[in-house]
Amino acid sequence: MIKSENKELKLVEKAAREFSKKILAPGREENDAFPFGPFFNDVLDKAFALDLFHIQLPEHLGGMGHGIRVFCTIMDQICQEDSSLGGIIFTNALAQSVMLASGSEALLKSIAEQSQAVPDFLVAFSSLANPNDISDLPTAQSLDGSYFLSGALNDLVLGGIAKQAVVPARISPGAPYSYFLVDLNGGDVIRSEPVMSHGLHACPAVDANFSSAKGILLGIPGKGDSYFKKGFETLQLVAAAMSAGVMKGSLQEAIAYCNKRVQGGRKLKDWSTMQMMLADMTIQTYVADMLIARACQAVENRENDWQIMVQAASLHIQAAATHLVSDGIQALGGVGYMKDFGQEKRFRDAGQIQALLGHAHLKKLRFIRQFLHIGKGAGEAAELKPVIEVNVKEGGKRLTEGLLQAATLQAK
Amino acid sequence: MIPRSECKAFLDREPKFDDIMISLRAIARQPKGINSEVKRIIAVARKFNDEVVRPGCLPLDRKMHEDPDHLAWDYVIEANKRGFYTMFIPKMFGGGGYSLAGIAYFLEELASACGAIANIVGVHYLGVTMLFSSWNFKVINRVCKDVVKGYKEGKPCILSLAMTEPDAGTDSQNIEFMDTGSLACHAQKVPGGYKINGNKIFISMGHMSTWHIIHAYTDLNRASENTVMLAVKTGTRGFTFGKKEKKMGQKACPASELIFKDCFVPDENVCIDKEDASRLRSPVKDTNARIFAFIWAASRTGVGAFGVGTARAAFEDALAYAAKTEIDGQLLVNHEWCQSLLADMYKNVLLSRLAYAEASYANGLHGMWMVMNLKPMYYMTRYTPAGILKFSISALSRFGFVTNFFRKICFDHQKDEAIDRIDGWGSLAKVVGTDAGITNARLALEIMGHAGVRQDCRAEKVLRDSKLLQIYEGTNQINRLNLFKRMVAKPIPQAEVFSQANL
Ligand SMILES: Cc1cc2nc3c(=O)[nH]c(=O)nc-3n(C[C@H](O)[C@H](O)[C@H](O)COP(=O)(O)OP(=O)(O)OC[C@H]3O[C@@H](n4cnc5c(N)ncnc54)[C@H](O)[C@@H]3O)c2cc1C
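Top to bottom, those sequences are chains A and B.
Read in order, the letters of the first sequence are residues 1 to 412 in this note's numbering.
Read in order, the letters of the second sequence are residues 1 to 503 in this note's numbering.
Bear in mind the hints are in silico, worked out from the structure with no lab data behind them.
Heads up, some of the hints might be wrong.
Said to hold, decoys possible - On the chain B side, residues computed to face chain A include the following (Cβ under 7 Å):
no. : residue
1   : Asp19
2   : Thr234
3   : Gly242
4   : Lys246
5   : Met248
6   : Glu446
7   : Arg454
8   : Ile471
9   : Thr475
What the hints assert, rightly or not - Covered by chain B, according to a simulated footprint, are these stretches of chain A (three or more residues, beta-carbon under 8 Å):
no. : stretch
10  : 96 to 107
11  : 259 to 265
12  : 329 to 336
Since the model is a prediction, treat every value here as computed from it, not as a measurement.
Just so it is clear, CB atoms sit at the ideal spot from N, CA and C, and this is done for glycine as well.
Please construct the entire structure, taking both the sequences and the accompanying hints into account.
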């Protein structure tokens with residue numbers, strides 16, 4: 001619940017909650033077994049039918065055109081139960097954002113229009129890294145007006161599922177990177193088996209190797225970093241909402257367990273050591289919620305320092321989540337470490353979510369360097385406009401109806 | 001300067017010199033031979049890590065992801081071949097005779113390569129420790145004989161420790177909670193032995209162990225005074241294995257359910273029961289409390305060392321990554337912020353190692369191995385030919401007086417303050433070491449970014465493995481309270497610990 005009195009938003013929240021509880025939660029353990037168990041295609045199909053991959057895409061491109069608050073609300077609810085789906089939605093949205101920022105609307109539109117099934121619509125992206133921090137990006141060679149990409153790119157998230165990927169590459173050695181849209185089904189992209197990851201098992205990445213794979217340049221050559229930044233600046237809040245969802249899931253499970261389990265002749269909740277632990281968890285969860293709500297408001301109102309607020313909130317929440325989930329296991333004792341409960345998965349997922357959009361410490365350094373006017377990005381922050389358009393009032397109606405319908409069907 | 005008596009008075013003041021300067025006291029008293037032993041076993045562990053653990057641990061972890069029911073016998077057999085399961089068993093019982101005072105260093109080394117494989121070896125000594133805590137020479141001799149035979153024949157015979165029950169984790173491990181807890185593993189005295197009914201859960205290496213050292217209770221409502229420690233062999237009628245848990249980490253070390261259904265355990269496999277304990281000077285409950293203290297002091301020191309090992313693994317992964325990864329045109333290892341973090345990680349390793357080293361010294365001085373660590377005993381067992389030692393113990397163990405002698409020393413003659421010291425330091429080492437494991441593993445993930453969350457880069461496995469260490473052998477929360485009870489609360493008579501007053 002990203003604090004709001006907005007009725008539409010409350011409906012969205014309710015619908016997303018129903019979807020998560022009834023469709024996501026029952027298969028959580030099984031879905032998490034991927035790549036050693038089946039991939040949850042059925043859940044993806046349902047999510048696709050409900051336009052969960054279209055949340056932020058503008059309406060004229062076939063999307064829902066929702067604002068940041070709706071997006072955060074949905075992701076929060078989803079990640080309370082299973083963040084893997086959240087990771088997929090996030091990665092796809094990040095790829096879409098980069099395409100939007102680069103002015104590639106026509107490409108996005110054609111992807112949306114031609115998509116029959118989930119893989120057609122999904123766009124893979126290396127959402128676990130800031131390309132600036134990858135030393136060996138693929139190279140893109142220009143030949144007769146087309147570009148051909150060669151080289152390796154590790155951890156291409158959704159690379160094993162999506163039909164296409166947005167790939168960072170350098171047109172010449174040492175040049176600033178550019179983004180390219182690459183068809184992953186062409187024979188010139190070799191994809192590894194799914195990379196086994198810490199968390200978000202069902203949001204798999206692959207290591208990709210491009211050998212003269214044809215790529216469509218997105219926007220202007222060498223402007224990759226500014227497109228990435230545009231996606232980053234709002235979507236990091238979505239990543240934080242994912243962390244907040246994980247925190248809530250962990251807190252709820254801890255409280256439920258402590259209400260039930262008896263040790264030392266008393267319910268765990270009666271021991272003041274446990275009360276302290278639960279208090280810390282609750283405080284952090286509320287703080288996360290409030291920070292996200294406030295940061296959403298700042299984005300919606302285009303407040304002067306909205307980017308700063310978003311970054312500060314995100315960094316704080318993601319770090320807090322990694323501590324909270326550890327207590328979330330601890331509160332359950334031994335069973336917290338077992339797969340039968342959700343806590344161990346949340347522990348891993350929180351770590352994986354923290355790694356979204358790049359190294360935790362580098363995100364922090366870049367944050368402060370803007371104030372200190374150090375480095376390349378200094379002073380740029382204020383010029384940037386949010387990629388996700390604000391659309392809270394209309395937000396939700398179509399989506400809410402769809403989600404509620406699906407949840408009701410599932411319940412039946 | 002200062003008269004002797006006055007000096008003593010000052011040193012006896014809180015914090016007492018004897019409580020806080022363990023190593024200073026121990027180094028003078030401990031047989032020098034232990035130093036060279038420790039060096040040798042560290043080298044042995046490093047060789048094993050290079051040859052077996054490092055090449056195999058990630059594929060093994062992956063295999064366990066794929067097939068959680070897989071049992072990592074290859075590694076158990078290899079450890080057995082290298083004598084790891086007999087290494088720390090005293091020579092008089094046919095073992096390698098390495099002092100248990102050095103085991104923590106060995107475990108740290110193993111855990112620095114893989115927490116799960118370290119556990120595959122270390123958990124056996126949990127069982128050994130529990131068995132020895134009864135000082136029942138007959139049972140010890142019989143069980144150890146099997147372990148030694150298993151080594152010689154290449155068929156591993158390992159031990160598990162089984163206390164935890166479905167409704168009693170913390171309750172099964174703390175004397176204060178046993179009577180209000182929901183313990184359910186019942187021992188009924190029948191002619192010639194005990195009949196056991198109940199389940200144990202989360203028992204590390206259960207499915208792969210031959211002997212299980214368990215606690216059961218003749219009166220479930222007053223378990224603290226009615227505890228029976230038994231050695232149960234796999235294959236005993238009425239004893240079966242239940243499920244294997246699906247764990248987040250340490251996957252290669254199974255956590256098993258043990259099911260006892262009218263399982264008859266003969267008297268010859270009773271390590272200690274109420275009747276035995278009643279023969280001692282202290283009340284039965286106090287003796288049981290001491291048994292717990294001896295076990296936890298030793299085993300929690302070992303878990304602390306596991307924690308240090310995982311903290312070290314995380315540090316080493318982060319350092320290696322930083323040394324080869326360029327960010328902003330400069331190696332990460334040359335970024336000042338990263339140097340600070342790496343130094344912090346290094347500090348965590350070093351300081352928590354000091355904690356478990358102190359705890360090891362405490363165990364050597366006052367713990368259950370203290371008799372073996374006395375210089376005359378140590379050198380006698382070291383230099384007497386193994387055959388003679390074994391023969392004499394086999395002969396002597398038939399007589400109850402050896403058992404009684406050791407029990408008198410450990411239970412009746414050991415001072416309360418010494419028990420506080422070992423148990424307190426055990427908890428401290430456990431909390432410090434295992435918290436360092438988690439802190440460093442988290443930092444490694446943060447430093448390594450997307451490489452950190454890949455299973456094939458190890459750091460994420462280190463984090464998963466580390467988390468268990470904060471839970472078993474008593475959660476770190478319970479260990480903090482135990483530390484308070486043993487070390488902090490002593491000068492405050494009105495302080496109550498592990499009681500309803502703490503609600
Ligand atoms: C993988 C694994 C391997 C294990 N191996 C073994 C083994 O080989 N042998 C064995 O016997 N056991 C083993 N255990 C069990 C382990 O020792 C227990 O899980 C642990 O002691 C905690 O008990 P519990 O899980 O029942 O948690 P609980 O006791 O239910 O505790 C849950 C939470 O409540 C807190 N709590 C409980 N009581 C109090 C209180 N009075 N005051 C304040 N807080 C309280 C705890 O700190 C914890 O946070 C293993 C466990 C795991 C997960």
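Status of each hint after checking the structure:
no.: 1; hint: Asp19; result: violated (24 Å)
no.: 2; hint: Thr234; result: violated (22 Å)
no.: 3; hint: Gly242; result: violated (14 Å)
no.: 4; hint: Lys246; result: holds (4 Å)
no.: 5; hint: Met248; result: holds (4 Å)
no.: 6; hint: Glu446; result: holds (4 Å)
no.: 7; hint: Arg454; result: holds (6 Å)
no.: 8; hint: Ile471; result: holds (6 Å)
no.: 9; hint: Thr475; result: holds (6 Å)
no.: 10; hint: 96 to 107; result: violated (count 0)
no.: 11; hint: 259 to 265; result: holds (count 4)
no.: 12; hint: 329 to 336; result: holds (count 5)
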